[in-house]
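Q: Following the hints, put chains B and C in place on chain A, whose structure we already have.
Residue numbers (my numbering), protein chains in the order written: chain A, 1 to 225; chain B, 1 to 236; chain C, 1 to 175.
Hints listed in this document are in silico derivations from the structure and should not be mistaken for laboratory results.
On a predicted model such as this, the values are computed, not experimentally measured, just so you know.
For glycine and all other residues, C-beta sits at the position ideal for the given N, C-alpha and C.
Keep in mind that the hints are not guaranteed to be accurate.
Negatives, chain B to chain A, calculated, CB over 10 Å [unchecked claim]:
# : residue
1 : 2
2 : 39
3 : 74
4 : 139
5 : 148
6 : 191
Pairs of lysine-lysine, DSSO-like flavour, derived with a Cα cap of 30 Å [unchecked claim]:
#  : chain 1 : residue 1 : chain 2 : residue 2
7  : B       : 142       : C       : 165
8  : A       : 13        : B       : 225
9  : C       : 62        : C       : 94
10 : B       : 142       : A       : 8
11 : A       : 72        : B       : 55
Sample of chain C residues facing chain B (criterion: CB under 7 Å; computed from the structure) [what the hints assert, rightly or not]:
#  : residue
12 : 26
13 : 130
14 : 133
15 : 134
16 : 135
17 : 157
18 : 161
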Amino acid sequence: MPFFNVIKWIVWKDILCEMRNRENIASIFFFALNVILIFSFSFAMDRDVTQAIIPGLIWVSFGFASMLGLGKSFLSETYNDCLSYLQMAPVPKGAIYLGKLLGNLLVMVVVELFLVPLFIIFFNLNILDKLLPFLLILIFATLGICAVGTLFSALTVQTRAREVLFPLLLLPLEAPVFISAIEATAGAFRGDPIALYQHWIELLMIFDLVFIIVSYWMFEFILDA
Amino acid sequence: MHRLIKILRRFEGGVGVLAFIFIALGLYGGLIASPPDYYQGEVVRIMYIHVPFAKGALLAYTTLFIGSVFYLWKRDPVVDNFCHAAAGIGVFMTAVALLTGSIWAKPTWNTWWTWDPRLVSFAILLLILIGYLMLRTLVEDKQKEAVYGAVLAIIGFVDLPIVYFSVEWWRSLHQPMSISTRGVSIAPGMLTPLLLMSIGISFLFTYMVMIRTQMLYLRHLLGAKRGGLISEVDLS
Amino acid sequence: MKLGERRSLRHLYLRWGVMLLVLCLILVGGVARYYRDVSALSPEQLMRQRPEGLVRVMGRVKAGTLNQSHEGSTFELTGTEGGVTSILVRHQGKPYENMRALKVLVIEGEWDTGRMALSALNFRPLPNYGFVTAAYLLSMIPLVLFLFHMERSILLLSILIKEEKGYQPLGVEQT
Chain A
1 MPFFNVIKWI
11 VWKDILCEMR
21 NRENIASIFF
31 FALNVILIFS
41 FSFAMDRDVT
51 QAIIPGLIWV
61 SFGFASMLGL
71 GKSFLSETYN
81 DCLSYLQMAP
91 VPKGAIYLGK
101 LLGNLLVMVV
111 VELFLVPLFI
121 IFFNLNILDK
131 LLPFLLILIF
141 ATLGICAVGT
151 LFSALTVQTR
161 AREVLFPLLL
171 LPLEAPVFIS
181 AIEATAGAFR
191 GDPIALYQHW
201 IELLMIFDLV
211 FIIVSYWMFE
221 FILDA
Chain B
1 MHRLIKILRR
11 FEGGVGVLAF
21 IFIALGLYGG
31 LIASPPDYYQ
41 GEVVRIMYIH
51 VPFAKGALLA
61 YTTLFIGSVF
71 YLWKRDPVVD
81 NFCHAAAGIG
91 VFMTAVALLT
101 GSIWAKPTWN
111 TWWTWDPRLV
121 SFAILLLILI
131 GYLMLRTLVE
141 DKQKEAVYGA
151 VLAIIGFVDL
161 PIVYFSVEWW
171 RSLHQPMSIS
181 TRGVSIAPGM
191 LTPLLLMSIG
201 ISFLFTYMVM
211 IRTQMLYLRH
221 LLGAKRGGLI
231 SEVDLS
Chain C
1 MKLGERRSLR
11 HLYLRWGVML
21 LVLCLILVGG
31 VARYYRDVSA
41 LSPEQLMRQR
51 PEGLVRVMGR
61 VKAGTLNQSH
71 EGSTFELTGT
81 EGGVTSILVR
91 HQGKPYENMR
101 ALKVLVIEGE
111 WDTGRMALSA
121 LNFRPLPNYG
131 FVTAAYLLSM
141 IPLVLFLFHM
151 ERSILLLSIL
161 IKEEKGYQPL
171 GVEQT
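So here's chain A without its partners, still in its complex pose:
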């Protein structure tokens, strides 16, 4: 089926590009590492303070990293007229969006999975038994960030000030994702039973669903413009 083939090929192209020169993943990873380092200077390494701040710190650093990474996701398409070829291709444009979304999701999740052990090590977190709910939150929240981020990346990549415009547009709209992710992560790390924070995960799922559908629909307009 051409629809799923398109998605498969775009994801494969992005993975291939990424594996050949790991510049995107590497830059996101080291940027997030710097953010963690700087934040660690901002508060005393008191056990209680760390426990209180860690969920926010994790998601702020993931958020900054995604601003960097997602903003560039369509940049590679602007070289060699690739974007025009995508526009001309006789495939549903929404499939291109989904392919890009999956590619971005993979990159972001890989970076985050590298960062989580570093968080555990640097801040002496005791969360190994709570990793499973945290991974669930991670995937849904990253999907939420990538859903709108992929669309906005296509919007801003041809403008003059893309590095500034992309976070400016994306961050206000991602507020529900960050609130839900931080609250759910805080609940998971405290060891609360999942029933106490499951409504945050449900909000994340609703956000993902709504925005993947809306962005899928809107992407066609962007690419055809």
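A: Frame of chain A; chains B and C shown alone:
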């Protein structure tokens, strides 16, 4: 002369006069005729500005959404001017609403700002509208500018209720609503100026969008004529 | 009505002049109402001016002087910034809500010069009129400027469009 512009020019005079009358009456009622509140004192008069401008801001945001959907359907450039105008007026009204709300909050609650869902949603609305205007400024191609703006407006409109609910859940978790923007009961003497100002500012918003749409349309016409794209402009 | 023949800038200025006049009248009315209903003397000004009849005083309840019963209350009122001057206030009837020592409030009453005491009739919360003025000015002035600028732009743009010479190929007479 474009059909929409003709309609706007026909009605703008009436809308403007109505807006002025209602606002003048509302200001008279608000500043002179209405009594001060028993608890808040004179500070309640700020509400006569804050509430109508907040309603105007939400009206602007809804107008932007409807206009954007209409633009993506019909691709009419004047409808795009209309959306651009609505966003500009929306920024103005949201900023005034936030400013006057903050000025009201200081004597009443002894704080300039509180992380109430409504206030956070309004701040995010302001950021979305500013982002819309910046996107339109920074995109070089005029047609792309219109489509990208419309897409951003639609996504922003869908997102704002989600933002409101998530902040509401978050606040109820961390602080019981001791300070609430709801339930400020209104004495009858104060309802009239509030109503007059609300109607007046709604008419004013309509008038300002009509004016600004024409201004943007004329700017594009001037650019087209200067760029040699059109040789004769019939402004009748 | 042709856009090109839209009534001139003069009409715009005239219209705005009338509107600003109406707004100024309302403003003057607001200021008058302020002096009539809101502005309050401090106890020191009261002692100096000694007006007859109804006055409005703003001050702070002096600590240790508040005597309240369900029939009435008496207390001494000092200036809001401290100071030595204080006046005696008597009030008959239900005590004011949240009345306590060091509270700042506005009292409307009758000043008895002979007995140097104020018979309080009404208590009011603080006027805080500075906030009200700031809010109205910060919203109305930008609004007026913004709207005037837009209306003027429309007229100027239509004049510019009319006068703009479109491209004329060589050999055709320039009009």
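Q: The output says residue 74 (chain B) does not contact chain A. Does that hold with a beta carbon cutoff of 10 Å?
A: Holds, because the least Cβ-Cβ distance between residue 74 (chain B) and chain A comes to about 13 Å, which exceeds 10 Å.
Q: Take a quick look at whether residue 72 (chain A) and residue 55 (chain B) sit within 30 Å of each other, Cα to Cα.
A: 38 Å, violated
Q: Is residue 62 (chain C) within 30 Å of residue 94 (chain C), Cα to Cα?
A: 20 Å, holds
Q: Straight-line Cα separation of residue 142 (chain B) and residue 165 (chain C) no greater than 30 Å?
A: Roughly 23 Å between the alpha carbons, so the hint for residue 142 (chain B) and residue 165 (chain C) holds.
Q: Hey, is residue 148 (chain B) genuinely clear of chain A, shortest beta carbon separation above 10 Å?
A: 5 Å, violated
Q: For the pair supplied as a hint, residue 13 (chain A) and residue 225 (chain B), confirm whether the alpha-carbon distance does not exceed 30 Å.
A: 46 Å, violated
Q: Does the claim that residue 39 (chain B) lies outside the interface with chain A hold up, using a Cβ gap greater than 10 Å?
A: 33 Å, holds
Q: Compute the least Cβ-Cβ separation between residue 191 (chain B) and chain A, then decide whether it is above 10 Å.
A: 34 Å, holds
Q: Classify the hint on residue 26 (chain C) as holds or violated, based on whether any CB of chain B lies nearer than 7 Å to its CB.
A: 5 Å, holds
Q: Please verify that hint: residue 161 (chain C), Cβ, nearest Cβ of chain B, below 7 Å or not.
A: Status holds, d = 5 Å.
Q: Holds or violated: residue 157 (chain C) as interface residue toward chain B, Cβ cutoff 7 Å?
A: Holds, because the Cβ-Cβ distance from residue 157 (chain C) to chain B comes to roughly 4 Å (cut-off 7 Å).
Q: With 7 Å as the cut and Cβ atoms as the points, is residue 135 (chain C) at the interface with chain B?
A: 4 Å, holds
Violation of the numbered hints given earlier is confined to hints 4, 5, 8, 10, 11, 13 and 14; the remaining hints are satisfied by the structure.
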